[in-house]
Amino acid sequence: MGRENELVRLAQLLDESRLVTMVGVGGVGKTRCAARIAALLEKRYCDGVRMAELSDTHDPELLEHALVDALALTDHTSRPPRTTLVEHLAGRRLLLVIDGFEHLVDACAGLVRELLRRAPGLRVLAVGRLPLELDGERVFPLAPMTDEDAMLLFTERAVAVQPDFRLTDDNRETTRELCRRLDGIPLALELAAGRLRALSTVQVLQRLDDRFRLLTGSSRSALARHQTLRTAIGWSHELCAPEQRLLWARLSVFAGQFDLEAVEYVCGGAGLPAESVLDVLSGLLAQSVVLREDSTQGTRYRMLDTVREYGAEWLAATDDTDRLRRRHRDWYLGLATWCELDWFSPRQAEVAARAESELPNLRRAMECSLESPGEAHLAQYLAGTLWFLWVGCGRLSEGRHWLDHVLEEDTPYDSSRLKALWVLGHVAVLQGDPIGAVSALQECRDEADRAGDPTALAYAVHRMGCLALVTDDMARAEELLGDALRRYRELGELNSNVLMAQIELAMAVGFNGDPDGAAAICEEVKEICEDHGERWALSYALYVLAFTALQRGRPDRARELLGKSLVISHTFHDLLGSVLALELLALVTAVEGDAAEAAVLQGAADRIWPSVGLPLFGSAQYGQPRVRCEELARRELGDDRYESGLRAGGQLDTDAAMARALASGPADRPETPERRPGTPPGPGKNAEARRLPYIREGRA
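For what it's worth, this note's numbering labels the leading residue of the sequence shown as 481, then goes sequentially.
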């Protein structure tokens, strides 16, 4: 509402400069203004507009991860996330909005400088309380709203709390004076409007006037903008009941969104019984101190940064910050434990979404443990317990960051440290880092053996078998994976990791020329997955079953299985599972006689692999389908047409590649340079290939 002149000026500045920084006091409406300009300008940028909210990112080392998230990138590799950002942005025309960076200003300035230098099509709108101070930066100070815009916003918010509120001749001047007293600061206006449930406009103005005089002892014209906002928040704070002020202070330990159950546990206690929290929270909602946000995860809440900071000061004044931070940490330790257990269930997708939404609080819990003397083992426990988020939900890079970080702490080799070690080894395997994997897994194996921890030992052996698999040592892979499965059975262990050990063993068996044996193992896994509602491991079992179906001469069955596998992998943002299935689907497509589409799918896979790691792990065995596909497609198309198809596939982003791969048949696929609608592919040279082995067999 309002701000039309500011929006026009911002658009002009973004035309003139590749870096514009909008500055202003907290609560002046910077975020709202940035969101509006982003929506207005989206069509100007062929690669769109992306917004990165940084207020909940406290560690400068996580800044790049936050931008990776904002750009919806998934990178499984061990590359620094800065490299991922640069490579993604280098050829794109995009507007990146960075909001709330002031507490990370030095790190943010360095990153923005490099991104602008390396990505000529990038423009950045930075939003904060101070400039980045980079060459070429245009600074746009966002002033408080004009009287008319302020009255418009106040009226809009007033109607929300008092539906019959209208600007009339009787209240217009009072409202104008109120907006002036609040210096046109949107947050202050919203807090004041929230008071109309109980007070008239005149009463709000009178109380505000008294509060200003009491706090400043001078005229309104002497007030600085920061003091005005602080006064408005302080006035709202004073009008809260004592239990509301207490909850406000305690809520400041949360980062990002939070739910009612978390509030009841963390904030309930002395002076605020858990059973009263809902009523007290409702009061803060009514006063706009807390905001409600409905999502797929249910009703959740959050506080604006300025309001949270005010509460944090009051919490510190009560000398209760450390206790509340530990309670917050304990809640999220429990949540992570529950999520790990519930991952192996029909609620797997819900667990993934919940963990994603709670990531800011999970990060804060790890930070709390690392900062508390003698509690680093809890950070190690949390980083290890979140393996399903790092591995199953496409967050290998951030997982590697936390696992490396928590293991730097000198702690005993208890179950928490050992788990963090094997999870680190697993992440390193998937990132294509065999040296890092061997180091972590051997340490875990040796120390687990010494400490008599059979569970950690089983997981270390399992992941060493996985490493042997992707490095083409099939005999050792079968030996280690078989050993791990025996250990799991002795322990009574059954979860997604155990199923993955079976799937990896099946892959080794299949690579060694026994498709029937591989299929038998994965059919058993499929049954277990269906019994327990497990989906993530199922996607890999379906991939192996498709591999064996192709070996047996059933491309139609392989396509059906790969379609199901792709849907699951893409749902969980698991790029590794997605790209493996895409590579195999390209071969299926070539075998079916559509060499042009096979080349496009291979090109799409080529684009995805850099975000996963070493293509096909550098493995000759995993690379067999690709080699065979290229042979068939080149023979059918010739070099020029094949390379053209690769380039066309390389233009597809991940979502477009998945949609194309999931097309139900040749007639439903998008048009390519090699095939026009209404012209289905003829049998060509690949017709005979349907009667040949599709993947060369033989023992490694």
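The hints are simulated quantities; they were obtained by calculation from the structure and are not laboratory data. Model, not experiment: these values are computed from the prediction. Any given hint might turn out to be false.
Simulated restraints on C-beta separations [claimed, not checked]:
id, residue 1, residue 2, range
1, Gly778, Arg572, 55 to 65 Å
2, Trp794, Asp649, 39 to 49 Å
3, Asp1036, Arg969, 32 to 42 Å
4, Arg597, Ala1100, 33 to 43 Å
5, Arg572, Arg660, 21 to 31 Å
6, Arg956, Gly1103, 33 to 43 Å
7, Gly814, Glu970, 54 to 64 Å
8, Asp586, Asp649, 30 to 40 Å
9, Leu758, Ala797, 21 to 31 Å
10, Gln686, Ala519, 33 to 43 Å
11, Arg559, Trp794, 24 to 34 Å
Think of the CB as a built atom: it goes at the ideal place given N, C-alpha and C, for glycine as much as any other residue.
Results of checking the hints against the structure:
{"no.": "1", "hint": "Gly778 x Arg572: 55 to 65 Å", "verdict": "35 Å, violated"}
{"no.": "2", "hint": "Trp794 x Asp649: 39 to 49 Å", "verdict": "41 Å, holds"}
{"no.": "3", "hint": "Asp1036 x Arg969: 32 to 42 Å", "verdict": "36 Å, holds"}
{"no.": "4", "hint": "Arg597 x Ala1100: 33 to 43 Å", "verdict": "39 Å, holds"}
{"no.": "5", "hint": "Arg572 x Arg660: 21 to 31 Å", "verdict": "45 Å, violated"}
{"no.": "6", "hint": "Arg956 x Gly1103: 33 to 43 Å", "verdict": "19 Å, violated"}
{"no.": "7", "hint": "Gly814 x Glu970: 54 to 64 Å", "verdict": "29 Å, violated"}
{"no.": "8", "hint": "Asp586 x Asp649: 30 to 40 Å", "verdict": "53 Å, violated"}
{"no.": "9", "hint": "Leu758 x Ala797: 21 to 31 Å", "verdict": "26 Å, holds"}
{"no.": "10", "hint": "Gln686 x Ala519: 33 to 43 Å", "verdict": "39 Å, holds"}
{"no.": "11", "hint": "Arg559 x Trp794: 24 to 34 Å", "verdict": "43 Å, violated"}
Violation of the numbered hints given earlier is confined to hints 1, 5, 6, 7, 8, 11; the remaining hints are satisfied by the structure.
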